[in-house]
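Trainee: Sequence:
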Amino acid sequence: MPNFEFLYLAWPLMLAVPFAPQAVAKTAAATTASQPEIASGSAMIVDLNTNKVIYSNHPDLVRPIASISKLMTAMVVLDARLPLDEKLKVDISQTPEMKGVYSRVRLNSEISRKDMLLLALMSSENRAAASLAHHYPGGYKAFIKAMNAKAKSLGMNNTRFVEPTGLSVHNVSTARDLTKLLIASKQYPLIGQLSTTREDMATFSNPTYTLPFRNTNHLVYRDNWNIQLTKTGFTNAAGHCLVMRTVINNKPVALVVMDAFGKYTHFADASRLRTWIETGKVMPVPQQR
Numbered sequence: 001m002p003n004f005e006f007l008y009l010a011w012p013l014m015l016a017v018p019f020a021p022q023a024v025a026k027t028a029a030a031t032t033a034s035q036p037e038i039a040s041g042s043a044m045i046v047d048l049n050t051n052k053v054i055y056s057n058h059p060d061l062v063r064p065i066a067s068i069s070k071l072m073t074a075m076v077v078l079d080a081r082l083p084l085d086e087k088l089k090v091d092i093s094q095t096p097e098m099k100g101v102y103s104r105v106r107l108n109s110e111i112s113r114k115d116m117l118l119l120a121l122m123s124s125e126n127r128a129a130a131s132l133a134h135h136y137p138g139g140y141k142a143f144i145k146a147m148n149a150k151a152k153s154l155g156m157n158n159t160r161f162v163e164p165t166g167l168s169v170h171n172v173s174t175a176r177d178l179t180k181l182l183i184a185s186k187q188y189p190l191i192g193q194l195s196t197t198r199e200d201m202a203t204f205s206n207p208t209y210t211l212p213f214r215n216t217n218h219l220v221y222r223d224n225w226n227i228q229l230t231k232t233g234f235t236n237a238a239g240h241c242l243v244m245r246t247v248i249n250n251k252p253v254a255l256v257v258m259d260a261f262g263k264y265t266h267f268a269d270a271s272r273l274r275t276w277i278e279t280g281k282v283m284p285v286p287q288q289r
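Each residue of the sequence shown is one higher than the last, beginning at 1 in our numbering.
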């Protein structure tokens, strides 16, 4: 069964404890160095005022991106200028990657296109993302074609999409390409609004039922982060991924962290990178025993 982001994470605990304790050896105190330490496979930070690279680590390594794909899904939907209040039927019939994937959202029930976007971006709901593609002018295949055309137009030369959710290992990109996606996302304020929503209730029809949803990025619950847009992603192949448009050291930045092994490593690496930019101090990466 594919692995994906679960909607119900132990977020209250994570608010109290930023990153779950792992089996680690004693760590040294923070030091000052020219480059920070991170545990993720690749990363990149770009100053959005100048588009200059602040930090990079293996930025051109091509990797699966899991649910980061849903940012492109949202862009393609909004580019089509479809009515956001239109009720859409939950449909995954043309997304074979969805077979056997658990969801609380019932097939064939209905909800507005805007709420589909909210669930896909905030809670990484796979059935919502797949349904958006199924209700695209020209159909599902046209949607995937539009995703790749959009990537090409943004200069994302090492990026490829085969489906809208990110469950496929063939949805791939690089940290550098994803910063380009984040730069382009400035033109989509609704994506920023929906992706940073902390929690919401979604009401479906045919049949009528209501479900609670929460954000998969625990950093949006923290008042010391100013996040304008975000998306998380996870599959076994992709590891844990995180992209954000945020503010660090009073500057707007695009931050990408990919291929993190630990469940909270991508959040910890984002904090380590922020500390390094703001103070010059390197926060050590805990070593597993």
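Heads up, some of the hints might be wrong.
[To be verified] Derived DEER-like restraints, expressed as beta-carbon distance ranges:
id, residue 1, residue 2, range
1, E37, K251, 41 to 51 Å
2, V62, N206, 37 to 47 Å
3, M201, D223, 52 to 62 Å
4, G139, T50, 21 to 31 Å
5, H58, K281, 21 to 31 Å
[Claimed, not checked] In silico BS3-like pairs for lysine-lysine, Cα to Cα no more than 30 Å straight-line:
id, residue 1, residue 2
6, K141, K99
7, K251, K52
8, K87, K141
9, K281, K152
10, K186, K99
11, K150, K186
12, K114, K145
13, K186, K114
14, K186, K145
15, K114, K141
Calculated from the structure, these hints are not laboratory results.
Positions of the beta carbon are idealized from the N, C-alpha and C atoms, including for glycine.
Trainee: For the pair supplied as a hint, K186 and K99, confirm whether the alpha-carbon distance does not exceed 30 Å.
Mentor: violated, 34 Å
Trainee: Measure nothing beyond the straight line between the CA atoms of K141 and K99; if it is 30 Å or shorter, mark the hint as holding.
Mentor: Given pair K141, K99 holds - Cα atoms ~18 Å apart, limit 30 Å.
Trainee: Against the 30 Å threshold, does the CA-CA distance of K150 and K186 hold or violate the hint?
Mentor: holds, 15 Å
Trainee: Given the proposed pairing of K186 with K145, does the C-alpha separation stay at or below 30 Å?
Mentor: holds, 23 Å
Trainee: Between the beta carbons of V62 and N206, is the distance compatible with 37 to 47 Å?
Mentor: For V62 and N206 the Cβ distance comes to about 42 Å; the hint holds.
Trainee: Does the alpha-carbon distance linking K87 and K141 stay inside the 30 Å limit?
Mentor: holds, 21 Å
Trainee: May I ask you to test the hint 21 to 31 Å on the CB atoms belonging to G139 and T50?
Mentor: Violated, since G139 and T50 (Cβ atoms, about 41 Å apart) do not stay within the stated range.
Trainee: Should the hint that M201 and D223 are 52 to 62 Å apart at their CB atoms be regarded as holding?
Mentor: Once the Cβ atoms are compared, 23 Å apart, the range 52 to 62 Å for D223 and M201 is violated.
Trainee: Between the alpha carbons of K186 and K114, is the straight-line distance 30 Å or under?
Mentor: holds, 18 Å
Trainee: For the pair supplied as a hint, K114 and K141, is the alpha-carbon distance within the 30 Å limit?
Mentor: holds, 21 Å
Trainee: With 41 to 51 Å as the target window, see if E37 and K251 comply at their CB atoms.
Mentor: Violated: the Cβ-Cβ distance is about 22 Å, outside 41 to 51 Å.
Trainee: Would you check the hint for K114 and K145, treating anything up to 30 Å between C-alpha atoms as holding?
Mentor: Cα-Cα ~22 Å, so holds.
Hint check: violations occur at hints 1, 3, 4, 9, 10; the rest are consistent with the structure.
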